[in-house]
Each structure stands twice: as C-alpha cells, then as structure tokens.
Amino acid sequence: MSTEYSIPVTTATSFPFFFSTSKARRPASDANLRLFGFSVPAAASLKSTGARNQLHKAVTSKLGVLNSSLRMDVTQQTGGATPGDDVEQRKISLQNKYGEKLVGILHDTGSKDLVILCHGFRSKKEHYIMVNIATGLEKEGISAFRFDFSGNGESEGSFTYGHYHREADDLYAVVEHFSSLGRNVIAVVGHSKGGDVVLLYASKYHNVHKVVNLSGRFDLHKGIEERLGEDFLDQVNKDGFIDVMQNNEVIYRVTKESLMDRLETDMHEACMAIDKSCRVLTVHGSADEVIPVEDGKEFAKIIPNHRLHIIDGADHCYSQNQAELVSVVVDFIKAGHLQD
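Counted from 1, the sequence shown has number 208 at position 208 by the numbering used here; the numbering is strictly sequential.
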C-alpha cells in the first residue's frame with residue numbers, strides 16, 4: 001500500500017520565494033519555477049503586482065493539476081481509498097496562559113494516545129513536515145495535533161522573535177488541554193525552532209516521556225548574523241529594534257528584548273535538565289543549509305537517553321526525504337509507546 005505525502009513545492013510558503021532576491025533562496029525558487037515550465041529570468045523580471053499575481057495563478061493552476069494526478073495515483077494503489085479518509089480532522093481552539101487563542105488541527109483516529117506537533121520559526125501548522133508526520137501517525141492509529149504558536153498562523157497574538165520559553169508555555173497549554181479531556185500525550189515533536197521548544201518543554205515540565213527534535217539549533221548565538229546582519233548588536237543597542245525586510249517591506253521586527261531572550265536561552269543547560277527517563281530522538285539532515293548537522297551531534301553528547309539519526313543528503317526541511325523522515329519519527333514513537 002502506498003502512502004501519500006505532501007510535496008514541498010505545493011505549500012503556500014514556497015510562493016514568496018519565487019521573487020526573493022536572497023541568494024540562499026534562489027536555487028530552490030529557480031527549481032520550482034523550472035519544474036512548472038517557467039523561465040527563471042522572465043519570472044525574476046516580474047516587478048509589478050499584477051504580473052506576480054498572474055504568475056501565482058498560473059503556478060497554482062499547475063499545482064492543482066499535479067495534486068489531482070498524485071491523489072488519483074494514490075487512490076489507484078490503495079484500492080479506491082486515500083490514506084486518512086477514515087480519520088476525522090477538526091479545528092480546535094484553546095487559550096494559552098496569556099489569554100491568547102491557539103488554533104490547531106486534531107487528527108483523531110479514535111485513540112486516546114496523542115502526539116503534539118510543533119512548527120518552526122515563522123511557520124505554521126500547515127507546513128508539510130507537520131502534515132506528513134500527522135498522516136504517518138494516522139496510519140498507525142495514533143492521533144496527532146498540529147497547532148500554531150501564538151503570533152503565527154491562525155493563532156492570536158503578535159509574532160515575536162525569540163520567546164522560546166513562551167512557546168514552551170504555549171505547548172504546556174496544549175498538553176494540559178488534552179490531558180484534561182482524558183487524552184494521553186505520548187510524545188511532542190518539533191521542527192527547527194520547534195525542536196528547541198520541545199526540548200525546553202521537556203526540561204521544564206517533565207510530563208511527556210518522548211521528545212522528537214527535528215533540526216533544532218544547539219547554540220542559539222549562531223545563525224543570527226545570517227538573518228539580522230553582522231552588526232545586529234550595535235543596531236539593536238542603538239535603535240532598540242531591527243526591522244527585517246523582504247521585497248522592500250518589513251516582514252517582522254526584532255526588539256532588543258526578544259533578541260536577548262534568544263541569546264539568554266541556553267540549550268546545553270536545558271538539555272542537562274531533561275529527565276533520564278525521557279527518551280529523545282534528534283533527526284538532522286547531513287546537508288542542512290540553515291542549521292549545521294554538527295548541532296544535532298552536540299545534542300547527542302549531553303542528553304542522557306538520546307538517539308541521533310542523520311539523514312544523508314537531507315536539507316533543513318527534508319524536502320527530498322519526507323518518507324524517511326516520517327518513517328524514522330513514527331517508528332520511534334511507536335516503539336517507545338509499546339515499551340511504556
């Protein structure tokens with residue numbers, strides 16, 4: 001039986017990068033455009049909103065055809081039923097400790113066992129990693145809940161750079177909500193920044209015994225220059241904030257408070273506080289262009305009950321390695337669940 005996985009290029013987050021001038025983004029953007037039959041130079045020259053919208057509609061149309069074709073192929077291979085047809089998905093809202101509404105999607109298999117999925121920096125619950133892992137868990141009869149942190153996606157609140165501990169508190173609100181309803185939260189899974197968040201959660205609350213860290217950053221002092229510039233400390237000390245721009249527009253503001261929150265978050269100290277009974281899986285891509293694979297190896301050195309799985313050739317979002325990623329994560333959660 002074949003399993004259907006979402007394809008990275010079909011996600012909404014791909015579209016802004018069609019027009020990005022960032023060198024780091026251009027290879028992926030060019031590949032996406034060529035895949036759908038567009039000339040990269042022609043696309044890069046689309047400066048007007050109307051022209052960009054026209055290209056967006058054309059790509060969306062082609063994506064629709066591609067998705068229909070893929071779903072038809074999966075249906076044929078599974079005897080007429082696509083994976084997840086018998087699993088109820090419904091939107092759930094709850095409040096965090098600050099009174100903000102958090103919104104998520106519950107994949108309810110009927111099992112009381114539940115896995116919570118946490119997205120990364122400036123991402124959301126619809127990211128294909130979140131969707132694919134939820135689908136993989138569905139196949140094993142395990143319920144999953146993927147949600148938006150405050151200030152992201154459909155959840156209330158303002159987006160804030162940093163605030164790792166605040167997102168861990170959001171996760172606590174989610175775990176408590178489902179626990180109060182009789183659910184058994186058997187694992188928390190986080191990607192990128194979400195990987196750090198689930199580790200911080202485990203170090204603070206000690207009420208979930210399986211943690212999956214996908215491509216989390218070990219040293220939070222690193223990676224800031226690439227996003228904010230080499231003089232980020234001078235600039236934030238001078239102005240009190242840094243505006244991050246894209247296409248001549250401010251996409252978010254980094255305040256001095258939020259920057260210091262990141263710089264003062266010590267993942268080494270946090271990992272030392274994780275209970276030895278808590279089983280931790282770290283997955284990292286050997287070709288991660290955002291957070292080097294060495295970070296995954298650092299986690300392996302200090303977390304006592306830890307397993308490291310490196311996916312050869314995988315990038316930060318496992319764009320070409322979704323099947324292996326899902327298999328590794330689901331197998332870890334299943335095996336741990338059977339041992340409990």
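Be careful, since some hints might not be right.
In the DSS-like style, the derived pairs of lysine-lysine whose C-alpha atoms are separated by at most 30 Å in a straight line are [stated by the list, open to error]:
hint: 1; residue 1: K301; residue 2: K276
hint: 2; residue 1: K238; residue 2: K256
hint: 3; residue 1: K222; residue 2: K301
hint: 4; residue 1: K112; residue 2: K91
hint: 5; residue 1: K222; residue 2: K276
hint: 6; residue 1: K204; residue 2: K238
hint: 7; residue 1: K276; residue 2: K112
hint: 8; residue 1: K204; residue 2: K297
hint: 9; residue 1: K334; residue 2: K256
hint: 10; residue 1: K139; residue 2: K112
hint: 11; residue 1: K204; residue 2: K124
hint: 12; residue 1: K301; residue 2: K204
hint: 13; residue 1: K101; residue 2: K238
hint: 14; residue 1: K91; residue 2: K301
hint: 15; residue 1: K276; residue 2: K256
hint: 16; residue 1: K238; residue 2: K91
Hints are computed from structural coordinates only; laboratory data are not their basis.
Predicted, not measured: the structure shown is a model, and the values here were computed from it.
Within a Cα-Cα threshold of 30 Å, do K204 and K297 meet the stated pairing? Judged against 30 Å, a Cα distance of about 22 Å means the pair holds.
Next pair to validate is K222 with K276; report whether the Cα-Cα distance is within 30 Å. holds (27 Å)
Quickly compare the C-alpha distance for K139 and K112 to 30 Å and report which way the hint goes. At roughly 15 Å apart (the allowed maximum being 30 Å), K112 and K139 satisfy the hint.
Between K112 and K91, is the straight-line Cα distance small enough, at 30 Å or below? Since the Cα atoms of K112 and K91 sit roughly 17 Å apart, the hinted pair holds (cutoff 30 Å).
Take the C-alpha atoms of K91 and K301, compute the straight-line distance between them, and say whether it is at most 30 Å. Violated: K91 and K301 sit about 39 Å apart, past 30 Å.
Does K334 pair with K256 here, judged by a C-alpha cut-off of 30 Å? violated (42 Å)
Hinted pair, alpha-carbon criterion (30 Å max): K238, K91. Please report holds or violated. violated (43 Å)
Given the hint that K204 pairs with K124, does the C-alpha gap stay at or below 30 Å? holds (24 Å)
Checking one constraint from the list: CA of K301 to CA of K204, max 30 Å. Satisfied? holds (20 Å)
So if I understand the rule, the pair passes when the alpha-carbon distance is 30 Å or less; does K301 with K276 pass? With a Cα-Cα distance of about 14 Å, the restraint between K301 and K276 holds, given a limit of 30 Å.
Given the hinted pair K204 and K238, is their Cα-Cα distance within 30 Å? Answer violated: K204 to K238 is near 34 Å, above 30 Å.
Quickly compare the C-alpha distance for K238 and K256 to 30 Å and report which way the hint goes. holds (10 Å)
Figure legend: structure checked against the earlier numbered hints; hints not met, in rising order: 6, 9, 13, 14, 15 and 16.
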